[in-house]
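Undergrad: Note that the protein sequences, when read in sequence, are chains A and B.
125 is the number of the first residue of the first sequence in the numbering used here; add one for each residue after it.
1377 is the number of the first residue of the second sequence in the numbering used here; add one for each residue after it.
Don't take every hint at face value.
Pair by pair, the computed Cβ-Cβ distance ranges are [claimed, not checked]:
#1 Pro1401(B) - Arg279(A): 53 to 61 Å
#2 Ala251(A) - Gly1466(B): 36 to 44 Å
#3 Pro1492(B) - Glu173(A): 19 to 27 Å
#4 Gly217(A) - Val1459(B): 40 to 48 Å
#5 Val1459(B) - Arg177(A): 35 to 43 Å
#6 Asp1397(B) - Lys305(A): 42 to 50 Å
#7 Arg1469(B) - Asn182(A): 39 to 47 Å
#8 Gly281(A) - Leu1503(B): 51 to 59 Å
#9 Ser1584(B) - Arg168(A): 50 to 58 Å
#10 Arg279(A) - Ser1615(B): 31 to 39 Å
#11 Val139(A) - Ser1615(B): 40 to 48 Å
#12 Glu1489(B) - Gly184(A): 50 to 58 Å
#13 Gly217(A) - Pro1467(B): 29 to 37 Å
#14 His222(A) - Pro1492(B): 19 to 27 Å
With a straight-line Cα cutoff of 30 Å, these simulated DSS-like cross-link-like pairs (lysine-lysine) come out [said to hold, decoys possible]:
#15 Lys176(A) - Lys1403(B)
#16 Lys1597(B) - Lys128(A)
#17 Lys294(A) - Lys259(A)
#18 Lys1596(B) - Lys128(A)
#19 Lys207(A) - Lys274(A)
#20 Lys207(A) - Lys1596(B)
#21 Lys1476(B) - Lys162(A)
#22 Lys232(A) - Lys166(A)
#23 Lys206(A) - Lys1613(B)
#24 Lys1613(B) - Lys166(A)
#25 Lys176(A) - Lys1570(B)
#26 Lys128(A) - Lys1403(B)
#27 Lys176(A) - Lys1476(B)
#28 Lys1463(B) - Lys176(A)
#29 Lys176(A) - Lys1613(B)
#30 Lys162(A) - Lys1596(B)
#31 Lys1476(B) - Lys128(A)
#32 Lys1589(B) - Lys1613(B)
#33 Lys1613(B) - Lys162(A)
#34 Lys162(A) - Lys1570(B)
#35 Lys1570(B) - Lys166(A)
#36 Lys303(A) - Lys274(A)
#37 Lys1597(B) - Lys162(A)
#38 Lys128(A) - Lys1570(B)
Think of the hints as simulated: they come from the structure by calculation, not from any bench.
This one's a predicted model, so the numbers in the text were calculated from it and none came from an experiment.
Every residue gets a Cβ at the ideal spot worked out from N, C-alpha and C, and that includes glycine.
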Amino acid sequence: MLMKFVMPGDRIGLVEEYVTGSGVYEENGEIFAAVAGKVVVKDRTVSVEPVKRIPHINKGDVVLGRVVDVRNSMALIELARKKGFDRSLMHTGIAALHVSNVQRDYLKDINEAIRYMDIIKARVIDAENLKLSTKEPEMGVLKSLCSVCKHELVREGNTLKCPNCGNVEKRKMSTDYGKGKW
Amino acid sequence: MSEEIPRLIVDGKRLDGRDFDELRPIKIEAGVLRRADGSCYIEMGKNKIVAAVYGPREVHPRHLQDPSRAIIRYRYNMAPFSVEERKKPGPDRRSIEISKVSREALEPVILKELFPRSGIDIFVEVLQADAGTRTACLNAASVALIDAGVAMRGMITAVAVAKVEGEIVLDPMKEEDNYGEADVPFAFLIRNGKIESIALLQMDGKMSAEEMKKALELAKKGAMQIYNIQREAIMRKYSREEEEVE
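Could you build the full structure based on these sequences and the hints that come with them?
TA: Here it is, written out as structure tokens:
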């Protein structure tokens, strides 16, 4: 394995030598670095491990978002962050969370588990169409507001209670609910 | 302007004792701002400039989005206290023009197709101005973009050349800019340690074709020196990060 620090524009090799990976580009049969970082050659694929990574959404990623709309069988979620990155996403696409992917048990009405303006943590199960799943115990609602008075809800066992008006609600909660971290 | 024009060249040396082909002292530091995705602080002579890069990020307003590539926005701004006479804050004709030409210098270098629908915002703030702020800003922006991890074809390095008392000099200072006969800012695309093309070229004043050729050669020489300092700034920042990880 080759370990060399390169800057954008540095020539790494010829297209005959390697397959172009990430962080590199090809021009006139030559391969150049596109970012600053270390050159990594693996299985004949040459890529540059950048100094700072830009978050791309892939299948299996854990993401943070806010519910912007709840339809009959879907919740639409505006993505804000990818786990492991303290950097805004390239385009904050609207992802979809279908009732069938909310929890393991049968769920008839999505409003029993997710509501408008909830902050949720979810796993990407389809990166192209931005489909999410919250089936795992760590995934689900991290913060939610009372549907009556809009006060922040506090966890009480398996339910959520409003300290302001006493209203009790149900959600598919994440194990991180109310902890302020995800 | 009834003031007497000072002698700018005495015994083959310039006002600050530099040779004709000598740069002002340069200091570059990458990654100085915590909240920015990429940043850079540069000192070129008395110029003090901070550059910040944000993105690739969501574009607002939405109608500016390009579905096939990223859009680049560049803002050159001078702090009110950056010049001798307090400058009214906000953009003026000069800074709008500088922003435009600087953006156009960087645009073909950034691999925009990799970031569809997003925007890359570059902000450069002149905290203290001497002469050649637009070139210093481009140098800073280039380093900040690399610090942000934005994919680029190569590096942009900029330097100005001036004509002073009939002599072509590198990297003019304020007096030379004010009383000189011409000022020519250059920016080059440097790839694989070689100057590949001109990314920005402006001229103000009078110059012959011969002098222009000479100016280009001088600028290329200066740009290579700056290029090495830019590289070193990234390397320094990078090696520090290596230690933090371990």
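Undergrad: Of all the hints numbered above, which does this structure not satisfy? Sort the numbers upward.
TA: Numbers 6, 10, 11, 12, 20, 21, 22, 28, 31, 32 - these are the hints that the structure violates, sorted from lowest upward.
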